[in-house]
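Generate the whole structure from the sequences, applying the supplied hints.
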Amino acid sequence: MTKRTRNWLLLAPAGTWFLVMLIIPLTVVFIFSFGERASSGGVELALTLEQYTNLPARWAAFKNTMTLAPLGTMAALLIAYPLAYFLAVKTTPRWKTILLVLVIVPFWTSILIRSYAWIFLLGGRGIPALFEWVGIEGLRLINTPFAVLVGIIYGYLPLMVFPIYVSLDKLDKRLLEASSDLGAKPWKTFLQITLPLSVPGIATGCMLVFILLMGEYLIPALLGGGKVFFVGNALVDLFLQSRNWAYGSAVAVTLVVVMLITVTIYMRLISRLGASREDVSIM
Amino acid sequence: MENGGYVGEVEPAGKKPIAELRGVTKRFGEVLAASDLNLSIAEGEFLSFLGPSGCGKTTALRMLAGFETPTEGDVLLDGKVVNTLEAHHRPVNMVFQQYALFPHMTVAQNIGYGLRQIRPRIPKAEISERVSKALDVVQLAGFEDRKIWEMSGGQQQRVALARAIINEPKLLLLDEPMAALDRKLRKEMQIELQDLQRQLGITFVLVTHDQEEALSMSDRICIMRDGRIVQIGSPQELYDRPNSRYVADFVGTSNFFNGKLQRSTDGLSEVLLDNGMRIQGMPGDGLVDGQEVCVSVRPEQMKLRRQGKGLEVEVHNRIFLGEHTEYLVTHETLGDFLVLAPRQADLSEGAFAVRDKALVSWETSAALILDRN
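Protein sequences appear in the order of chains A and B. Per our numbering, residue 1068 is the first one in the first sequence, and the count goes up by one each step. Per our numbering, residue 441 is the first one in the second sequence, and the count goes up by one each step.
Heads up, some of the hints might be wrong.
Here are the computed lysine-lysine pairs in the BS3-like style, where the Cα-Cα straight-line distance is at most 30 Å [said to hold, decoys possible]:
1. LYS1255/A / LYS749/B
2. LYS1255/A / LYS564/B
3. LYS564/B / LYS1252/A
4. LYS587/B / LYS1240/A
5. LYS1240/A / LYS610/B
6. LYS520/B / LYS1255/A
7. LYS1252/A / LYS520/B
8. LYS1255/A / LYS587/B
9. LYS573/B / LYS1237/A
10. LYS1252/A / LYS587/B
Think of the hints as simulated: they come from the structure by calculation, not from any bench.
In structure tokens, the structure reads:
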């Protein structure tokens, strides 16, 4: 077997998967997006921009996605970083394992079940009831953007914690001693050494969470109660309920384009931030 | 001293101590890393901690740097107790074992790091000027904008050195700085470090397990074992007057013959060796009659002859080393030992061949009677 054929064989499974499950469906969706809704639902192929000119009708879904996804990513980062730092730098090896397992454990349960738990917690008999008990009435949490945000942060936190934890864990602790030895106070050591050296972890974590959030639909559906719509929910609605495949395809294509643009800008920013490092090329 | 041996000057005469350890003990949980260390480091001195790994030398260094606090006793810098003073407040800098250079900064940014922490701020122009000067000192002029990973091991070590000395510390700590360098580079760096120390007048404290390194560079060596200081002294003192078999073995090479101390008269004692022979020698301090001891004779103090008095041996192996010839000889009851013959002796008496009979002798003053430990 030549080296060349061996290389092709190694790439074949992933390549086939990529082609069948991603490239072909995306092409189909792209073609559909220029079509029209068939009278019985589905799509009738055509060459019209009608679906794209109709996009503003779904503006709310885009707006929600584009505000709650970055917001959720930021919030997850702010909560995950101190946790990852604590796990990587401050704990003893024994506690480290226990705490890491605790971070993963929620992943062993379906997100559906965990979101139902939040429905109860945020619902009338949950946290609002507690507030009522201390005299604060009329608090409504469920079916608000806040509820969706809480669900998002809860669901995606481990995805943020792990990359940051890894980058902090492999950080040579002698660098922190060297910084202190050279006269830097602890918080300056953090700003000048720890934080810049954990940028790859932060970048990976944010990227993972952000991309997945852009396509999220389950959490808004359950905790937003049909009031806080994401693009994902719009797609489910268009493809399965109203069976307007052409319009749905246009929305999907737009989502992909928006995502590509945001991610490109983001990558540029990150690589400039870590310009002096070669190991920042994350993806 | 508890072990009763010759421990040398705890305080170097005449000079002001820049750093002191007073009865310093450090425990990590159950582990005793350092035990009752007493030491005074003089201004401008080059002192080495020498010992095998786990002997507590690095712990001692880390307590001077401020990375560890002593469990008991006091660490003094410039006459002030600094036990709990954090590293970033100490006028002390360290060259780390694997250099610990900041990978996300250039060479110049690494070296200027210490100066950038000072408040009120030092002007940028002055920092870059001082960085250039420090690079000159370590012979890396023009390397300012290089990345750390573009530098070789030897260059990285110089950067680490420059990063430490630019702050003009009272004490420069070096933690096995040459361990990662190859042999040739190590020799070069040793000479450079010594020159640098004389040039800057900074007090150097080196930690090493390499006796050659310690012997060639230090004014004084502090030999450690199991968390304790065994002996402190100049390289010559340690070589000529070791206080125990451990030191004699660690500093240089020696032949040891086990026996019991018989009579101690003034300055000279007799040892009954395990094989029944009696040997005279110079007793170390604190030995008592009847004690299990060993007699140490350095290979270069032994003479190999064809005629006269001496131990009858057979030459077992011969290694020609240029200016010396190393003979491994065998005695019927004492076993194998080493004799180092200068080239001159080989030339005048004729070299011995393997399986030749020979006579080994030495001056009584060359036989040191030492504690067996």
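Verification of the hints:
1. About 73 Å separates the Cα atoms of LYS1255/A and LYS749/B, which puts this hinted pair outside 30 Å; it is violated.
2. A distance of roughly 18 Å separates the Cα atoms of LYS1255/A and LYS564/B; the hinted pair therefore holds under the 30 Å criterion.
3. Between LYS564/B and LYS1252/A the alpha-carbon distance is near 20 Å, which keeps this suggested pair within the 30 Å criterion.
4. Between the alpha carbons of LYS587/B and LYS1240/A the distance comes to roughly 20 Å, so the proposed pair stays at or under 30 Å and holds.
5. Of the pairs offered as hints, the one joining LYS1240/A and LYS610/B holds, with about 25 Å between alpha carbons and a cut-off of 30 Å not exceeded.
6. A hinted pair counts as satisfied when its Cα atoms are at most 30 Å apart, and LYS520/B with LYS1255/A qualifies at roughly 26 Å.
7. Distance hint between LYS1252/A and LYS520/B is fulfilled; the C-alpha atoms sit about 21 Å from each other, no more than 30 Å.
8. At most 30 Å may separate the alpha-carbon atoms for a hinted pair to count; LYS1255/A and LYS587/B meet this at roughly 22 Å.
9. Only pairs whose Cα atoms come within 30 Å are accepted, and LYS573/B paired with LYS1237/A is rejected, the gap being roughly 34 Å.
10. For the hint pairing LYS1252/A with LYS587/B, the CA-to-CA distance comes to about 25 Å; that is within 30 Å, so the pair holds.
Checked against the numbered hints above, the structure breaks hints 1, 9 and satisfies the rest.
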